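Chains as they are written, first to last, in this note's numbering: chain A, 742 to 1092; chain B, 742 to 1092.
Please keep in mind that the hints were generated in silico from the structure rather than gathered at the bench. Small disclaimer: the values here were computed from a predicted structure and weren't measured. The hints are all genuine.
Given that identical chains are not distinguished, each listed pair holds provided it fits within a single copy or across any two copies.
Cross-link-like lysine-lysine pairs, in silico, DSSO-like; alpha carbons within 27 Å at most:
no., residue 1, residue 2
1, Lys902, Lys924
2, Lys956, Lys1011
3, Lys966, Lys809
4, Lys966, Lys956
5, Lys809, Lys1024
6, Lys1042, Lys1024
7, Lys901, Lys946
Residue-level listing of the chains:
Number of protein chains: 2
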Amino acid sequence: MAGGVENAAVARNKKVVLRRHVTGFPSEEDMEVVDDTVALRVPAGLKAVLIKNLYLSCDPWMCGRMSKHEDEASRPAPDFILGETLVNYGVGKVIDSTHPDFKAGELVWGMSGWEEYTLITHSHLFKINHTELPLSYYTGVLGMTGLTAYAGFLEVGRPKKGDFVFVSAASGAVGQVVGQLAKIAGCHVVGSAGTDEKVNLLKTKFGYDDAFNYKSETDIAAALKRRFPEGIDIYFDNVGGATLDAALLQMRRGGRVVVCGMISQYTLEKPDGLRNLFCIIPKAVRVEGFNVSGYFDVYGKFEEEMVRYIKEGKVAVVEDVAEGIEKAPAALVGLFSGRNVGKQLVELARE
Amino acid sequence: MAGGVENAAVARNKKVVLRRHVTGFPSEEDMEVVDDTVALRVPAGLKAVLIKNLYLSCDPWMCGRMSKHEDEASRPAPDFILGETLVNYGVGKVIDSTHPDFKAGELVWGMSGWEEYTLITHSHLFKINHTELPLSYYTGVLGMTGLTAYAGFLEVGRPKKGDFVFVSAASGAVGQVVGQLAKIAGCHVVGSAGTDEKVNLLKTKFGYDDAFNYKSETDIAAALKRRFPEGIDIYFDNVGGATLDAALLQMRRGGRVVVCGMISQYTLEKPDGLRNLFCIIPKAVRVEGFNVSGYFDVYGKFEEEMVRYIKEGKVAVVEDVAEGIEKAPAALVGLFSGRNVGKQLVELARE
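Based on the sequences and whatever the hints tell you, model everything.
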């Protein structure tokens, strides 16, 4: 290459590319693992960081970018392009850098590619300050999903001691952290999940006061009424749909609904209709849509606080780890059927 | 009566009572105007205020109390009782009082009965401080609906100069005030209404920058997109249903939806399903249910500010006045078909 890489070693670089746009549920056939190679040096003249990806995060929001949207310009992130590598948060090690803030050998997390090596030219990359903890935590509890739980629950939910808190998808990457933050804040917290195993995990591992399997309940509103006889102060919503509609009926005066995700709705061509939003008028309930992008300025504070909770045993972590990039498509697809137990991630290498 | 009224004059007291519970739309047959009499003195031993009702307010929320609810205990206000007089805000003149704060001859507004005279024992009664303005204003722009517009728009909507504001039912009691407060706050404001006459009123009388007749639009989302090419910062929702769903699609990042009323939904057995709430996640939109009951502590400040706006010509008022208590049922029913132009009230007497 002209003025570019000289004598750089070349490595294999397997990657997951978008094979076709998703309609409805994503399937493994929507993606393809392809072989490629990469020069292990940043091209001359480019300010960039070349990282070896160690852990990839699997998150529901990727599905939105895998679909094709007519109104792409108005969407939060552009659609992925056919044949190009998927992107999402991940943990990596710096192999080469021409960026003054990063040096070879450093561990980082941030927006990366679904591939073995990624050349990063954007600035959404953070140093890992606590290498004494498992690096994979920076895909979850110490990364984007942990910050989502922290900022969503504390800044949007604004818990008070004694509040009654309900969390859906409660054993997932975000839910497991929200429940434990709710206990730290002195709240009574109940979670819902989709298997008895996950319900058990909520009570035995994550300190939820109570939990239920929504698939075993014929009437979610009644299930919530039994568990919240005085009503709900904060509902942290990861699922939308019927669970959100049922929770709206049980909100207390001045309650807050933190709308963080709607995994039940992402794959529907026509979303379920919500019928109970009128309840928010007499009870003056706040329903606030939330995404983490506005909160990276509190990351430093969050990281120190969360590391302390983990070390003190106040926050436990459950991860579901797939091994190798070939397993990444199946790991992502599994999120939409709830196959994962805890934070889903893919391990590509340990260092 | 034992220890009670001695030598008190007795007057005719026509009243509107609930004849049957409402299902779907309220109709005149759900109510009955009956003859009664009243002693024109507060019974001895009772701390109360006897008022002659001058103006009655007609508001959509009355319909909810005219229905029969299984879950009455959890509702914001109890159901009206068959055969008993309807209650709502009104303006009156004190005829007799044993309450230290009120004297005969004073003008008051507050929660009263749909009848010619009401004996008031509760404390939700306020003195009228500005008798130089039409007394009827205290059923609307200077009363509950004006305070609703003021607190909802300013405290919940939190407008900034240059914000793009959309108001539905924009010529109604609340909407006409919201639009004018939006102009005072330096916003660009567009309203929707259900007749061309009302649309004209919005532009010529209330200073709306633009307005449209939602009944002439086949696609409300497209109508909003044309009028808000940059999106909506504040949607002040008085109607719910399809208009709310369309507005959710057009909200800007950090937008606020003040959910004040859902007149399109009150009379449906099964509310319309909202399908676009997911939009609030990527754009971090706040959807906040609002009712005026939490804001009476700012009434004094509101009254002075609003009186000044009216005197300065910054807030215009349009009222739709029915004459005589016999017309009250039809006036109330007309709200649900949008027959009223502006604030609907009933005049019983001028003083």
